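Enquirer: Take a look at the letters that make up each chain.
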Amino acid sequence: MKKYILIITIIVGSFTACNEDFLEILPLNSLSDGTFWKTQEDVDLALVGCYSNWEQWWNILLFDGASDNAYDEHFGWKAIANGQVNSTTSISPVTPNEYYYGKIMKYNTFLTKIENIEIDEDIKIKYKAEVRFLRAYDYFIKTMYFGDVPLVTEPVNYDVNLPRTPVVEVQQFILDELEEISAILPVSDNITSGGHITAGAALALRARLELYMEKYADAMTDAQRVIDMNVYELYDGGSPEGFRNMFLPGSNENKEAILTVNYVNGPTITGIYYPQMCNTPTYGGFSSTSGTRSLVDAFETTLGKTIDDPTSGYDPNLPYNNRDGRLAMTVLCPGQELNGIFFNPLDRHQPDGVTLNIEYHTDGNAANTGYALLKYIKPVPIPEMQQNAVNIQVIRLAEVYLTYAEAAVETNTNEDIALGYINLLRARGSLPPATVLTRDLVRRERRVELAFEGLRYFDIKRWDIGTTALNGPKEGCREGSVDMTTGVVTWGNTYIKVDDMVFNPARNYLLPIPQSELDATGVSQNPGY
Amino acid sequence: MKKFRDFYERNSLGFLLKKTFRIMKLTLFIFVLTISQLWATESYSQFTKLSLKLEEVKISDVLKEIENQSDFFFLYSPKLIDVDRTVNVDVENESIQEILSNIFGEEVKFGVYDRQIILTTKDNSEIFSSFQQKRIIGTVTDRNGAPVVGANVVITGTNQGTVTDIAGNYNIDVPQNARSLTFSFIGMESQEIILGTSTQINVTMVESAIGLEEVVVIGYGTQKKVNLTGAVSSLSGESMEGQFSSNTSTLIQGRLSGVNVTSTSGQPGKPNIRILIRGLGTMNNTNPLVLVDGIETSMDEINPNDIESISVLKDAASASIYGSRAGNGVILITTKRGSAGNIKINYNNSIGWQRLGLTPEVASSADYARLRNEANLNQGLAPAYTDDEIRKFEDGSDPFNYPNTDLMGLLFDGSGFTQNHNLFLSGGNDQARYGISLGYFEQQGVLKRTDYERYNLRINVDSKATKWLNIKLNSGLSQGLINEPTAHIMTAGPFYFYQQALLTPATVPVRNAAGEYVPYGNNNLVAMLSEGGGNKYKMPRMTSSMSGEITLLKGLTLTGLAGIDYSTNKTKYHTITLRYSNNVVIGPNAVSDQFSERTAITLQSFLNYQTIIGKHGISGMLGISRLSEDYYFNAAFRSNFPSNIIDQIDAGSASTATASGNALQTRSGSYFGRLNYSYDNKYLFEANARRDGSSRFGPENRWGLFPSFSVGWRLSEEAFLKKVSWIENLKLRASWGILGNDRIADYLYIPRISLGLNQPLGGAVANGAAVTTASNPDIRWEKTTVWDIGMDVDLFNNRLLSLSVDYYNRYTDDILASVPVSMVFGLPAPVVNTGAMRNTGVEFQLESRKKLETVEVFVSGNIAFNKNNVEKYNRQGVTQPDPGGPAIINREGDPWNSYYGYVNIGKFQNDAEAASSPIMAGTAPKAGDLKFKDLNNDGVIDPDDRTILGNTIPKITYGFNGGANYKSFDFSFSFQGVAKVNASLGIFGLYPFKDDGGALQLHLDRTMVQNGAVVKEGHLPRTLPGAVQNINGSVFSSWSLSDASYLRLKNIEVGYTLPNTLGSKIGISRARIYFNGQNLLTFTDFPSGFDPEVVSAFGTFSLFNAPQVKAYTFGISIDF
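Chains as they are written, first to last, in our numbering: chain P, 175 to 703; chain A, 1401 to 2520.
You may find that some hints are simply not true.
Result set (SDA-like, lysine to any residue): computed pairs, CA atoms no more than 25 Å apart in a straight line [to be verified]:
hint: 1; chain 1: P; residue 1: LYS298; chain 2: A; residue 2: THR2172
hint: 2; chain 1: P; residue 1: LYS298; chain 2: A; residue 2: ASN2167
hint: 3; chain 1: P; residue 1: LYS287; chain 2: A; residue 2: THR2173
hint: 4; chain 1: P; residue 1: LYS176; chain 2: A; residue 2: ASN2167
hint: 5; chain 1: P; residue 1: LYS302; chain 2: A; residue 2: PRO2151
hint: 6; chain 1: P; residue 1: LYS177; chain 2: A; residue 2: LEU1953
hint: 7; chain 1: P; residue 1: LYS287; chain 2: A; residue 2: THR2172
hint: 8; chain 1: P; residue 1: LYS176; chain 2: A; residue 2: TRP1868
hint: 9; chain 1: A; residue 1: LYS1864; chain 2: P; residue 2: ILE181
hint: 10; chain 1: P; residue 1: LYS176; chain 2: A; residue 2: LYS1867
hint: 11; chain 1: P; residue 1: LYS287; chain 2: A; residue 2: ILE2150
hint: 12; chain 1: P; residue 1: LYS287; chain 2: A; residue 2: LEU2227
hint: 13; chain 1: P; residue 1: LYS176; chain 2: A; residue 2: THR1866
hint: 14; chain 1: A; residue 1: LYS2394; chain 2: P; residue 2: ASP363
hint: 15; chain 1: A; residue 1: LYS1970; chain 2: P; residue 2: ASN203
hint: 16; chain 1: P; residue 1: LYS176; chain 2: A; residue 2: LEU2003
hint: 17; chain 1: P; residue 1: LYS298; chain 2: P; residue 2: ASP363
hint: 18; chain 1: P; residue 1: LYS177; chain 2: A; residue 2: ILE1950
hint: 19; chain 1: P; residue 1: LYS212; chain 2: A; residue 2: LEU2161
hint: 20; chain 1: A; residue 1: LYS1744; chain 2: A; residue 2: ASP2395
hint: 21; chain 1: A; residue 1: LYS1872; chain 2: P; residue 2: TYR390
hint: 22; chain 1: P; residue 1: LYS671; chain 2: A; residue 2: ASP2395
hint: 23; chain 1: A; residue 1: LYS1867; chain 2: P; residue 2: ASP363
hint: 24; chain 1: P; residue 1: LYS177; chain 2: A; residue 2: PRO2459
hint: 25; chain 1: A; residue 1: LYS2394; chain 2: P; residue 2: GLN689
Just so you know, the hints here were simulated from the structure itself, not pulled from any lab data. All values reported here derive from a predicted model rather than from experimental measurement.
Please model the complete structure; the sequences and the hints are all you need to start from.
Expert: What follows is the structure, given as structure tokens:
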């Protein structure tokens, strides 16, 4: 009897072994596409999903490493600046990711799926407009880096193999989209909108692209439309201190900001580690990016004159005295005091003559040019350096003023209005107002105002000044010695050289299409690579 | 009486006369053994007295009456004996002899053998001499003196015999004319002992080298090796005894043909094993399936001492019974079981030390400074060090500021102590047997504060519960504990120390004059190692099963099995706050507690049938099984602990707390069957089929069918070869079959929305979701079709030479892999059924063993040649994780994962040559830089000039072992090697100064340049500062690749078995002491100091894995 019970147990057990239900397993920690896309809650989740990582701080803050403003030691941006970039160069963490269509896929999926969801029509249109902006922004970045890129506006299959769409078509698509959505999105400052895209952001980006396309009249019109919204104002009433504080945590009530990437510290989101990357080793940082001689020399003297002007009051032995106030808020110069310590990247040893000086510019974590960064940077405890909750400004009112001014000087129209805008910015550097609007003035203002905000490389590109800006040695400050008790610098004659740049005009300032994409699709490469 | 009489009528040969014939089936070994037993009580005929009173009856009736009255029975042929004659019998209490003499007189001779009485004519009376029997008794033991239970003792040339009992004792009655006895046992050398005058014969059996009787474990059963038709490599646990290793995988390295084992790390407890069976067969997971006593599990936590045997199923015929998961081959491990008898105890231990294996040397601080200056000079920069500073580095006059730091020496001075203790107990009786093993293993790392401990307990019980039910319990429990130091970066374990110890320039001081640690970057390796923090892993595992085997009919059994493989991994990552000089504080201290759990439950039942009908051997198996796997993970994090020594999560700051988790489920169900047929033990046929369902595929593609067929022909059994005495065994084999593979991630056929894509919006973090993975509803089984043709030969007696040869052709189609997709797709490439690859190869395994008077010598070797070719792949993809580091290509017509890059043709000798040669756009090479070949002669070096540069997978793997036993001494060695494989040191190993790194000794062999011309050519191109990108460091070329072939003395052992007389007094039946050395010698052309095994593993291009260690161990093994 026992035997039969056992046998029956085994046999019955066997036949329940492999039925289909047993093999039907659903994911435990993600939603299924088939059941998602139904309700308002789903759309809300998906909208935030689109905003997630729509832009990253390093694209903005480190990109000057590709230009003559900065020297980037660790992340490969210098390969763009010195001309050595090729199709297999990895600029960690950015390229070749910028060619990657991950965000576009996300946006296109959202825009396709939302159509069939039954929600309030106004909400649907607004949500779509926000995502359309994000898509336009991503295409804007792609065209700037790569020129022609495939224009896709719907989700594609994995076997997609598209040729590159001519850049003008992509740019027209961006302009049309921005125009359309600027009528849908609310007119609001960035604080009120809570980081949601506004009409101001759409028009400001449109103005930027039009400027880059040399459609100056259009750029001026759109810049004026942004200014006329009257929801944006210079930070802290345009005060000189505002220029420093605007880039530090606590500045989030910033009405100068038009488009920002927001960072907070929370359980699932953390702030940025830029402060640790760019603080000097004394404060536990790595000085990944440092400023160049070329940038520092661009700041005017307090007399409102460039340093090569004999009447500017510039003293080569006290090179940082009597300069545009924004200089000391943008870079940390040798001998400059910070937290009671005089910055000394010039001496191999501490004053005892024996102990090594970790700030010495050849050291691994020291500012290699002798100019450390201050924009968005201040010494803070290490945990805070690694998780810095600050909003990174992608577009701010100052840029819109400068766009207007550049459009004015290129078209010789509304120059007085433009001068007014320029002088609002100069006031923050405690500079005297400019009286004549010149191309040099506008370009210089743009460079010093927006240094380390990721626009310089594109400016070099559209002004076609690569042969001067991106050619020859990349230099920092002069060699010398800092008196650690007074901050007085004894200057030598030679400049610190950090790199040799070779500009190749055949490349037209475009970056190479990543080799992996060429290998996988056979798509055409940009010239010169 | 009748049946025997009739039998006798047909067979006049006397030796067939036996009272009982019993067929005993030894189910464990699944082969049929015929034995006969003689129940002899010699005195029966003497004390039995009979009384008969019969008148005018036939002799046949008299005999019948005697049989009725007594236990006697008669054997005779009526043709010879006239039993129809009528006689009168009247006897009272007479012996049988007297009665028979009265009846037959002189005409008929008779012989009384116990209860049997044989009648014959006087002309045939010589037949009795063969019935004159004498009793032989004795004991059969193995080499260790342990009794051999169930050994066959057979009168040579007959079917008569017996088996040994649980004490190894036997007794057998043999005819006077018998010449010898043959003793045999599975896996032991058969012995023929000539009978002399002695009635006691004790035999010591030794394991056979190849053993025609050898039984090999195969899927859901065992098979006699001679009857195998598939390609199976096997190894006994004993052959690995004494070797030092924390992991079983490394013990089989080089011992099995076609099985390539690589261990890319020498860190205790983390050997980072890769096993490839017959090359790389797929583009996804290439790990073979591992089963221990029938339960899918991992090889990692098995105690090597518990292993009875390891079988590797290499072809489709042998593996397809595991259909779905067998595409990469199957490794079957059986563990030691108990044997009946009084308790037997074995204790063995080993104690030893490890030393750092092959490791590159770091350049001295003075050399570093000089090289750095030269690099700056080459780049047009000012020198970094003055002559005075270099002098200080050299003479050590200012050790705090100008040190010559030997980080390798400071970090790698752990004791390297190892110990290993194992206790094995076994015993039982006919009803139940047990085998219990206890193991403890400890390995201290060569890097300080790395260590590994493992506890093992295994209980195997076999019980014959009733006549029809056998119950088996296998229970393995283990716990592994790993400790390792960590850097400030959470989860950065020892690899960080290996890496940074090589990358940190020797000019970096450890402490300043005030005794404070000096940070280099954020770190100070010595501080991080000495001051605490670290990673701890605790990995308990239970692999247990219970099965019942019910005998339904003769030869038909039903088995039900339930098993569980349950493992957890509790990990604690603990980083500390460290204070450095200059008031630099790196922190905060933080703890991450992580817990994962995997439960795999197997349910199986199968029917087994076997029978022999004349010359036809038939066996079959039908089964069903299901497997469910559940994986769960969670993690909690906090930082800002009040002290570095507190590492419990609730002590951290609550505001920093975060948590995460995940869970996965996998299910599979299978039906399977096997049919074996053999004719006359000559012609062998086997068919297997398995139908598998997997939860990883959608309902339409869920099921796959995996059949296989194989045939074998034992030529040596054919008449024409049977005469050839020196051919003991010759078998040809051929097989064909299909294997499956579903080893991809779960849920890939279901479109999924990922959660957690959060973003601050409106001042708070909002929850987001998006599609971040590509699904593919059409994915289906990957299928591997395997042809295998093989031959097994055993030549000369005493296994002087045996050879196994296999040719295989393994074609994998519908490979499940992520193909390179256009970046425009915007999602990671989905897993699709794409492409096909073929592995073809030849394997040889050769063994020889010769026993001379006092010396026994044995050698074995194996070599396998494998060629991989991608047959279908509609896109080509080049992967290069680090610029300048190794790049690999996957495309049709080449081996999978081939190195791909530019061809280096020396260095530019001067600037003019560099300026006039084809160069890469955007570069301006100078004298001393690498020169590349313009393969397509278009005047520029561009990606079109790249070509295949080498292999990531060895084309040849081989190993050879040997040894000798002389009296009480034994000696053995084992070499393992690979050839036709390449590896790159990677950017950090190839060049100095990368990422502000240091320089290695080998970087000093560089090309030196003066005034635009090379003045001294070295291995490296001209040196440039790491901060400057240069063509040399950003291009992967043939210069960056080295031949990674090597031959390594994996193991060498010398042992001595103590004389028996010594130990027997204190109850020791055998004691052996030995010395074992591991990884003592390596022959390679790989760049100096780098371990070619550590870097040659595909996938990890990292150079900085923990190097293999050299280990020296001493041990003792005692049987009580």
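Enquirer: All the hints need checking, so say for each whether the structure fits it.
Expert: Taking the hints in turn, this is what the structure says about them:
no.: 1; hint: LYS298/P to THR2172/A; verdict: holds, 22 Å
no.: 2; hint: LYS298/P to ASN2167/A; verdict: holds, 18 Å
no.: 3; hint: LYS287/P to THR2173/A; verdict: holds, 16 Å
no.: 4; hint: LYS176/P to ASN2167/A; verdict: violated, 59 Å
no.: 5; hint: LYS302/P to PRO2151/A; verdict: holds, 23 Å
no.: 6; hint: LYS177/P to LEU1953/A; verdict: holds, 12 Å
no.: 7; hint: LYS287/P to THR2172/A; verdict: holds, 15 Å
no.: 8; hint: LYS176/P to TRP1868/A; verdict: holds, 11 Å
no.: 9; hint: LYS1864/A to ILE181/P; verdict: holds, 17 Å
no.: 10; hint: LYS176/P to LYS1867/A; verdict: holds, 12 Å
no.: 11; hint: LYS287/P to ILE2150/A; verdict: holds, 17 Å
no.: 12; hint: LYS287/P to LEU2227/A; verdict: holds, 17 Å
no.: 13; hint: LYS176/P to THR1866/A; verdict: holds, 10 Å
no.: 14; hint: LYS2394/A to ASP363/P; verdict: violated, 46 Å
no.: 15; hint: LYS1970/A to ASN203/P; verdict: holds, 21 Å
no.: 16; hint: LYS176/P to LEU2003/A; verdict: holds, 21 Å
no.: 17; hint: LYS298/P to ASP363/P; verdict: holds, 22 Å
no.: 18; hint: LYS177/P to ILE1950/A; verdict: holds, 8 Å
no.: 19; hint: LYS212/P to LEU2161/A; verdict: holds, 22 Å
no.: 20; hint: LYS1744/A to ASP2395/A; verdict: violated, 61 Å
no.: 21; hint: LYS1872/A to TYR390/P; verdict: violated, 87 Å
no.: 22; hint: LYS671/P to ASP2395/A; verdict: holds, 18 Å
no.: 23; hint: LYS1867/A to ASP363/P; verdict: violated, 88 Å
no.: 24; hint: LYS177/P to PRO2459/A; verdict: violated, 51 Å
no.: 25; hint: LYS2394/A to GLN689/P; verdict: holds, 23 Å
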